[in-house]
Each structure stands twice: as structure tokens, then as C-alpha cells.
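J.: Listed below are the residues making up each chain.
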Amino acid sequence: MNTFLFRKFTPLAALLGLGITACQPDLEDDFKPNKGSADFSRYIAVGNSLTAGYGDNGLYLEGQLNSYPNLLAQQFRTAGGGEFVQPLFTEAQSNGSGYLRLTGFTAAGTPITASVPGNAGRLTPGSAPYTKVTTPINNLGVPGIRLADIHTAGYGNVQTTPLNAATFNPFFERITPDGSNQTYFQRVKAEAATATFFSSWLGNNDVLGYATTGGVGGIITRTDSFTLKNNRIINVLTANGAKGVVATLPDVTNIPFFTTVRVADIRARFKAANSALDVYIQTTGTAGAQVVRLATDADLLTLPSSAVIGTTTTGSPFPVGAGVGTGVGQSNPVPNQFVLDATEQTAVRTATTAFNNAIVTKANEKNLAIFDSNAFFARVATSGITTNGVTNTAAFISGNLFSLDGVHPTPRGYAVIANEMIRAINSKYNASVPTVNPNDYRGVRFPQ
Amino acid sequence: MNLKSLLLAGGALLSGTAASAGGYQVTLAGQKNNGMGGVGVGLSLDQAAMFYNPGALAMVKDRGVQVGVNLTLARNAFVAEGGNQQRELRNSYTTPLNFYAGFGPAEGKFRAGIAVYTPFGSKLQYADGWEGRTSLTDIDLKSVFVQPTISYAITDQLSVGAGLVVLAYGAVNLQRDIALPDSYGHIELDGKADTKFGFNAGIFFKPSDKLSLGINYRSKIDAVVKDGDVTFSGIPASFSSRFQATKFNATLPLIATTSIGLGIMPNEKLTIGFDASLAQWSKYRVLRFDFDQQINGSTSSESKRFYEDALTFRLGGQYKLTEGLTVRAGGAYDQTPVRDGYVTPETPDNDRLSGTLGASYTFGKFGVDLSAQYVGIMKRTVTQTELLNNGTTDRIAGTYKTNIVIPGIGLNYAF
Numbered sequence: 001m002n003t004f005l006f007r008k009f010t011p012l013a014a015l016l017g018l019g020i021t022a023c024q025p026d027l028e029d030d031f032k033p034n035k036g037s038a039d040f041s042r043y044i045a046v047g048n049s050l051t052a053g054y055g056d057n058g059l060y061l062e063g064q065l066n067s068y069p070n071l072l073a074q075q076f077r078t079a080g081g082g083e084f085v086q087p088l089f090t091e092a093q094s095n096g097s098g099y100l101r102l103t104g105f106t107a108a109g110t111p112i113t114a115s116v117p118g119n120a121g122r123l124t125p126g127s128a129p130y131t132k133v134t135t136p137i138n139n140l141g142v143p144g145i146r147l148a149d150i151h152t153a154g155y156g157n158v159q160t161t162p163l164n165a166a167t168f169n170p171f172f173e174r175i176t177p178d179g180s181n182q183t184y185f186q187r188v189k190a191e192a193a194t195a196t197f198f199s200s201w202l203g204n205n206d207v208l209g210y211a212t213t214g215g216v217g218g219i220i221t222r223t224d225s226f227t228l229k230n231n232r233i234i235n236v237l238t239a240n241g242a243k244g245v246v247a248t249l250p251d252v253t254n255i256p257f258f259t260t261v262r263v264a265d266i267r268a269r270f271k272a273a274n275s276a277l278d279v280y281i282q283t284t285g286t287a288g289a290q291v292v293r294l295a296t297d298a299d300l301l302t303l304p305s306s307a308v309i310g311t312t313t314t315g316s317p318f319p320v321g322a323g324v325g326t327g328v329g330q331s332n333p334v335p336n337q338f339v340l341d342a343t344e345q346t347a348v349r350t351a352t353t354a355f356n357n358a359i360v361t362k363a364n365e366k367n368l369a370i371f372d373s374n375a376f377f378a379r380v381a382t383s384g385i386t387t388n389g390v391t392n393t394a395a396f397i398s399g400n401l402f403s404l405d406g407v408h409p410t411p412r413g414y415a416v417i418a419n420e421m422i423r424a425i426n427s428k429y430n431a432s433v434p435t436v437n438p439n440d441y442r443g444v445r446f447p448q
Numbered sequence: 001m002n003l004k005s006l007l008l009a010g011g012a013l014l015s016g017t018a019a020s021a022g023g024y025q026v027t028l029a030g031q032k033n034n035g036m037g038g039v040g041v042g043l044s045l046d047q048a049a050m051f052y053n054p055g056a057l058a059m060v061k062d063r064g065v066q067v068g069v070n071l072t073l074a075r076n077a078f079v080a081e082g083g084n085q086q087r088e089l090r091n092s093y094t095t096p097l098n099f100y101a102g103f104g105p106a107e108g109k110f111r112a113g114i115a116v117y118t119p120f121g122s123k124l125q126y127a128d129g130w131e132g133r134t135s136l137t138d139i140d141l142k143s144v145f146v147q148p149t150i151s152y153a154i155t156d157q158l159s160v161g162a163g164l165v166v167l168a169y170g171a172v173n174l175q176r177d178i179a180l181p182d183s184y185g186h187i188e189l190d191g192k193a194d195t196k197f198g199f200n201a202g203i204f205f206k207p208s209d210k211l212s213l214g215i216n217y218r219s220k221i222d223a224v225v226k227d228g229d230v231t232f233s234g235i236p237a238s239f240s241s242r243f244q245a246t247k248f249n250a251t252l253p254l255i256a257t258t259s260i261g262l263g264i265m266p267n268e269k270l271t272i273g274f275d276a277s278l279a280q281w282s283k284y285r286v287l288r289f290d291f292d293q294q295i296n297g298s299t300s301s302e303s304k305r306f307y308e309d310a311l312t313f314r315l316g317g318q319y320k321l322t323e324g325l326t327v328r329a330g331g332a333y334d335q336t337p338v339r340d341g342y343v344t345p346e347t348p349d350n351d352r353l354s355g356t357l358g359a360s361y362t363f364g365k366f367g368v369d370l371s372a373q374y375v376g377i378m379k380r381t382v383t384q385t386e387l388l389n390n391g392t393t394d395r396i397a398g399t400y401k402t403n404i405v406i407p408g409i410g411l412n413y414a415f
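One line per chain: the protein sequences are P and H, in this order.
Counted from 1, the first sequence has number 240 at position 240 by full-length UniProt numbering; the numbering is strictly sequential.
Counted from 1, the second sequence has number 118 at position 118 by full-length UniProt numbering; the numbering is strictly sequential.
No lab work stands behind these hints: they were computed from the structure.
Among these hints, one or two may not hold up.
Said to hold, decoys possible - In silico EDC-like pairs for lysine to aspartate or glutamate, Cα to Cα no more than 20 Å straight-line:
| hint | chain 1 | residue 1 | chain 2 | residue 2 |
| --- | --- | --- | --- | --- |
| 1 | H | LYS226 | H | GLU268 |
| 2 | P | LYS428 | P | ASP440 |
| 3 | H | LYS379 | P | ASP440 |
| 4 | P | LYS132 | P | GLU191 |
| 5 | P | LYS362 | P | ASP297 |
| 6 | H | LYS210 | H | ASP156 |
| 7 | H | LYS226 | H | ASP194 |
| 8 | H | LYS61 | H | ASP292 |
| 9 | H | LYS269 | H | ASP209 |
| 10 | P | LYS32 | H | GLU88 |
| 11 | H | LYS379 | P | GLU91 |
| 12 | P | LYS132 | P | ASP178 |
| 13 | H | LYS269 | H | ASP62 |
| 14 | H | LYS61 | H | ASP156 |
| 15 | H | LYS192 | H | GLU268 |
| 16 | H | LYS192 | H | ASP222 |
| 17 | H | LYS379 | P | ASP29 |
| 18 | H | LYS379 | P | GLU28 |
| 19 | P | LYS32 | H | ASP292 |
| 20 | P | LYS428 | H | GLU81 |
| 21 | H | LYS192 | H | ASP140 |
Model, not experiment: these values are computed from the prediction.
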């Protein structure tokens, strides 16, 4: 019987071992990366702060490492992509320009942030410059640049007498040789000469500066100028046959910078203190006159207004934002630079639409992939986006997608953007570039 | 979430054992049957008839004791939608057991017996850091049913039988990661099911030596977990106030099954069986967990299952090669109860095809039964679009493929 059992079991055990090995399913062949008709061997990224990896009101090493171009390049590598060089801050200077961090919440639940000072130089136009990176680079994202600035000579060459602060960009200076007056366009042209693939996301700042200052600071770029410069940059990027993806501009009124501080909430707060109080704002009236009026729910208050509203002002019986009427001395209105009223919102939306028309028209002319970030962020603002079972929304702090400045994405937000671009690229070039798992990238960092 | 996971766990168990009809029903109940594609409703092979069709027990000539054990080895591959990285399980196994003791007068019309079997159970441990970690990281579901049974032969051709089904032991352990803004925490739900009762009844008709028919019904039992333990780990102090629950309640329907079976015996050596079963999975609508305190702002969680009834077809036979040696073969086709867009990591299910082999050798009153099964669960893809359309984004989009190997051995003694 023992012999029998042994005879019986030995082949069975062998069979079992084979069976288990053969049992492991293999799906990898079904999902092999493929470059399609694109060539990712040298990819360059053109853009502004979003492209640089800016977040939490600063550019620092962690943000650079999680920039969407870096994520794209990492994914392109599975489909023939090459090396991707970014002008990274060193470990020793990893705080970069400085940034905001979350330190906690007030009893009422309002987030408290603190500034982490920069340690890479150039804290003001007068201080020492950032450590330069003048070697060939792939990520040409320059925080703060407008499409309107691409032909500005000396954009990365600081002048002291007189100080050219209005037309000088310290982040472009980082990637510009000493004493060079080269324009952003010229730098892009040099890198584009050898590029096989590009991403381009320029133009956000051509409307953002106006919006974030409540229509007081910054001007909206003229559409004809925008269109001309957009055409030029796309022409130079495609001059050598490179393929690429371009992004449209999101409607900035959907971002937490404008949606977190709400008139209705402020009104409720004031009325809880004194039912006679209401919310009053200062706006630009006809012919540029400053007028005071009752705020409506259609008025957008900026994120920085939260630090001002409700504080006391010497000489006024009302806290900032409160009042009982529009007459002189009857209110202490929210200053104009914190308010984006209906007229200003219309100006922002009209410009965004016109700019996007120019971007899409040119992209279609060159048969490029298009990431419609405007449609995407509108969808996120309405219904959020679920990434592998995790819910993300456009809400400030809790939504995971927007960093502490309320404008720029978190690493999670950049990962989501990278995935949307990959989808656009895959669709346009019949490629199979794998997406990233956005949940591997953080939302807002909380105090430990 | 816990209840949902529990339900899902059941499904995984089924797939893990794979001999049965999708969901979390397992028919690894008899080692002879296991070698024959799982047929048994229309046959009267041995004491395992108590599970397959209590009505056939009175027609089982021998009285005896038998015990069997199976080893389920599930291997799974997963690729998230849009990704290219294959995830594989941290491999584990389960050991579904069965035990039967049948008694009765040698020539009498009565048979009585007791059956112990493990109709539900599953264990899946997903890869560390896998894309679906916030849906599920680990599931371990166990159950033991005890079934006192009586059977009576009304005539030489017709017999009936019934058993009281006792959910004697049920345990669930579900774990998943919790997505925090900048890190992951972890939650473990661990509980035992209340003892519950159901029944298993059947009719067996054998109009000739060459033909037999059977019908069997197993009732639904709701597995109820009360005051299961909720344990959090890795939650930073900033978030701990949002994860306060310590206890959970959940209910998992262990659904009813109706089966018909046919046996054909062309000669004394050859037996062929065919079974068809309807599993009433449509009772599984949602998986709900209730917590004693809030978890991230809510004291309950509910997840859509919306299963649908599923059919299973089995075909198998045995041939008596010599006086001592019998060989078996069979196969089965199981429809999945999981609809498109509702696939979960707990039950990465689809239609399944299985093939089985078996052999028995008897030495007088002793016998040894060997069986081996290979179950292929078809590739299943769930897309993010489907999840969005169905409101089921609490799970992950991607493609699953699972295969299962199940060797088994049984010993029996007839008296």
C-alpha cells in the first residue's frame, strides 16, 4: 500500500508542480507599451510654472521631480523615450525659491500656512542669482512667463541701472548664460532643433495675473498678439518634424484660488456677529472709478482675501468686508484687488476662450495632440476625478489636486495632468504609453 | 465597506475553490465528485450525497465515514487601466475540508448522516502597493457548515432527503488601505458570523439501472457579522479624529441554489453525470457596513454589487478499470454572477471553465480518492467609463485573469 501510494503520488506531485507554474496568468503581453507614430527619443517641454513643477507658491526640488514633463518622460521611456534633463535645484538648495507649508488649522477649520524660505538664491531681483543650469535641458518651463514674453530680450539678464524688474524673470535667468540677452523663443528654438517630441503649455499667465489681482494688476494679453506668438512657438517646435501635444488654458475661475473664500460664507459669518451687517466690496465701475457695493454670490473673492477679511482697520468701526450701506463711512469694503466681479470674470473667460481658439486652431493645423485642460478642469470642478478608487476634487486642501497656493497642482494633480496628456498622445499617435498611478503622488502635505 | 468586502470575499472564495458556480459557492464537497467536474445531484456515489442531494443518500448502498481535503492554489494577474505593470498576488492557499458519516440499517429504507463541509471561503492577498489598495489589500473568508441529514427511500426507485444546514462557523477578515492626502493608513475588519440555519433538500429517482435523476435545493442563509472589530493602523495624528470606529456590523447573503442532475449508467463500469444549477445571486444587491462611530465622516458604507442569477453546467464520468481502481474525468462551465462594470478585487470574477481528473483505489473497506482540478477564469476587464456610468468608482478599473489549481485527497471507510 505504501509503495502504491508512493507510485501514485510522485507523478501527481510532479504534475501539480507543473500545474501551479503553468497556472500563473500573464497579461503583460496584452499591455506592451508602444510609441505608435510618435518618436519620444528626445522630448522637450515648453511652458510656464505648470511645466516647471511649481506648487505651494514656489518652485522647489520635490515639485520639479514631480513635474508633469518629468512624469511624461518617465512613461515615454517605456516606449523608446530618452533621457530627460531638468534644471533641478540641488539637494542642498532643495527649498528652491521657497514655498508654503501647512502648519495646522484654526479652531474654525481655516488652514494655517507658513513660509519655508528659499535657499537657492535670488529672493529679490537685487539678491544673488539662482545657481545656473546652462547645459542643454529638456524641461524649459519658466515660472511666470507669459506667451507675451517670448520675444523679450534680456528676459534672463538682470540689469541694475535701471532695474529691469518688469521684464526680468529670475527663473529664466537660471537657464540663461551670464550676460546673454537671449529670448525664451531663441532658447526654445535651440532645443527644438534636436527634439523629436514636445509638449507646449503656454499662455496661462497671459490672463492669470489679471485674474489673481482682481483685475487691478496685470493686463490680459491682446488676442492678436497671443495668436501671433502662439503660432510662432508652434512653428519653431514643429520646424524639424517633431510631433507633440499642446494644452489649452483652464478657466481660472474654477480653481480654489477663487472658489474657497465665498461671499455667502462671509455673509453668514458677519450676520452671526450682527444681523445688521452684510458684505461690501470695492470694484471698478464705469470709467475706471472705484465704487463700493453690496457683494453678491457671483463675486469671486481671492484666496489671499481670507487673511484680510474680518480684520480690524484703524479708523473704521467695521472689520474688513463688513458694512451696513454703500455710503461714506457705512462700510469697510473688501479692497478691489481681492475681488473678481462679474465684469472681470467675463473678461477672463472671453480671453481664455479666444486664446484657446488660437491654440486649438494652430494645433489642428499642425495635426498635434491636444490636451483640453479647460474642459478637463471644468469637469473636475463639477464632479471631481476618481483615480483608482480614490476621490479627488477641486476643493482647497481636501481635494488633493491643488497645492497651498490654490492655483498650482499638487504632485497628485500633476500626475493626473500627465495621464490626460498621455491619453491625448495615445489617441493622436496610435501609441500605447502607459499612464501613472496618480495615487502614488501626494496631495497636500499635512503637518506630521 | 466591510460588508461589501465580506460579500466579495465570498465570491473570491468560490473562485479560489473554483469547482462551483461563480460567486462564493463552493462545491468541493466530495472527493469523487471533484474528479467528475463536480456532478452529483443525479448520482448516488457515496456519503457526499448529503451535500449534493440528500435525497440520494438513501440509495447509497454503503454506510461509512469519509474525509477529504483540498488545496486551492489561485494565481492572479492584474493590470490597471492604462498601465502596463502586472500585479500578482502574494500567493496563499486555502484548504477546504469535507467530512461525512452515514448510518442506517443494512437493508432498511432509512439513512441518516452528518456532513461537515466548507462551502465558502477565500483568501486573496494583493501585491503590496497595488493600484487597487484602497479597495482591498487582503481578504480571508472562512466558513464551516454542519448538516445533520436524513433520507428515506419511498420505493426502490424514489427517495427523498433533507438536512438541517447550520452555519456553525464563519469568519471574515478584510483589509484595505485608506487614502490620506499625503500617505496611506490601513483598516482591518475582523469578525465572526452568528450561527444561522438553513436547509438542504432533494429528491432522487432511479427508474432503471441505467438512469437516475435528481433535484436539489439549498436555501439561502444570511451570514450576519455583529460587533466585528475595526482596527486602524498607520493613521497620522492629524487624521486620527476622523477614524474612530471600533466595531462593525455586516450581512452577506449566502444565496440559494437549485440544481437538477442526470445520471447515466450504460454498464456496470461506467457512470456519467450531468448537472445544471441555478444560483440565485440576484439577492446580492449591495454590500453594506455599519460602524459604531464615524470613518472619515460616515458611519456606514455601501457598495453596489447588483449580481445576477447564474447558471452552471457540469459533465463528468467515472470508469471502473479494475476491481480496485476507478478513474474519473469531467468539466464545468460556470457563468459569472458579476455584471460588466461591477467587478471588484474581492471577486475578480468572470465565466469559468474547469477540467478535472480523479481516481480512487479501494482496499476492501478502505478507499483513497484523489482529484485534481484546473479552473480558468476568463480574462475580465472593467473600464473606468463603466465604473463612472454605474456609480461604482469605489473599485478599480483594469484587467484581471485568474487560474486555480486544486489537488485533493480523500479517505473513506465503509461499514
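J.: Determine for every hint whether it applies to the structure shown.
T.: Hint check results:
For the given pair, LYS226 (chain H) sits about 52 Å from GLU268 (chain H) by alpha-carbon distance, which is inconsistent with the 20 Å threshold. About 27 Å separates the Cα atoms of LYS428 (chain P) and ASP440 (chain P), which puts this hinted pair outside 20 Å; it is violated. At most 20 Å may separate the alpha-carbon atoms for a hinted pair to count; LYS379 (chain H) and ASP440 (chain P) exceed this at roughly 26 Å. Distance restraint check for LYS132 (chain P) and GLU191 (chain P): the Cα-Cα separation of roughly 17 Å lies within the 20 Å cut-off, and the hinted pair is therefore satisfied.
The straight-line distance between the Cα atoms of LYS362 (chain P) and ASP297 (chain P) is roughly 37 Å, outside the 20 Å bound, and the hint therefore fails. Between LYS210 (chain H) and ASP156 (chain H) the alpha-carbon distance is near 14 Å, which keeps this suggested pair within the 20 Å criterion. Annotation: proposed proximity of LYS226 (chain H) to ASP194 (chain H) holds, straight-line Cα distance about 7 Å (limit 20 Å). Distance check on the hinted pair: LYS61 (chain H) and ASP292 (chain H) sit about 54 Å apart at the alpha-carbon level, beyond 20 Å; violated.
With a CA separation close to 12 Å, the supplied pair LYS269 (chain H) and ASP209 (chain H) stays within the 20 Å bound. Restraint check for LYS32 (chain P) and GLU88 (chain H): the C-alpha separation of about 17 Å stays at or below 20 Å, so the hint holds. Taking the CA atoms of LYS379 (chain H) and GLU91 (chain P), the gap is about 46 Å. The hint is violated against a cut of 20 Å. Only pairs whose Cα atoms come within 20 Å are accepted, and LYS132 (chain P) paired with ASP178 (chain P) is accepted, the gap being roughly 9 Å.
This hinted pair checks out: LYS269 (chain H) and ASP62 (chain H) have alpha carbons roughly 17 Å apart, not beyond 20 Å. Distance restraint check for LYS61 (chain H) and ASP156 (chain H): the Cα-Cα separation of roughly 12 Å lies within the 20 Å cut-off, and the hinted pair is therefore satisfied. Taking the CA atoms of LYS192 (chain H) and GLU268 (chain H), the gap is about 47 Å. The hint is violated against a cut of 20 Å. Simply put, LYS192 (chain H) and ASP222 (chain H) have alpha-carbon atoms about 13 Å apart, close enough for the 20 Å limit, and the pair holds.
Only pairs whose Cα atoms come within 20 Å are accepted, and LYS379 (chain H) paired with ASP29 (chain P) is accepted, the gap being roughly 13 Å. Annotation: proposed proximity of LYS379 (chain H) to GLU28 (chain P) holds, straight-line Cα distance about 13 Å (limit 20 Å). For a cut-off of 20 Å, the pair hint linking LYS32 (chain P) to ASP292 (chain H) is broken: about 47 Å separates their Cα positions. Proposed proximity of LYS428 (chain P) and GLU81 (chain H) is supported: the alpha carbons are some 18 Å apart, at most 20 Å.
For a cut-off of 20 Å, the pair hint linking LYS192 (chain H) to ASP140 (chain H) stands: about 12 Å separates their Cα positions.
Against the hints set out earlier in the document, violations occur for numbers 1, 2, 3, 5, 8, 11, 15 and 19.
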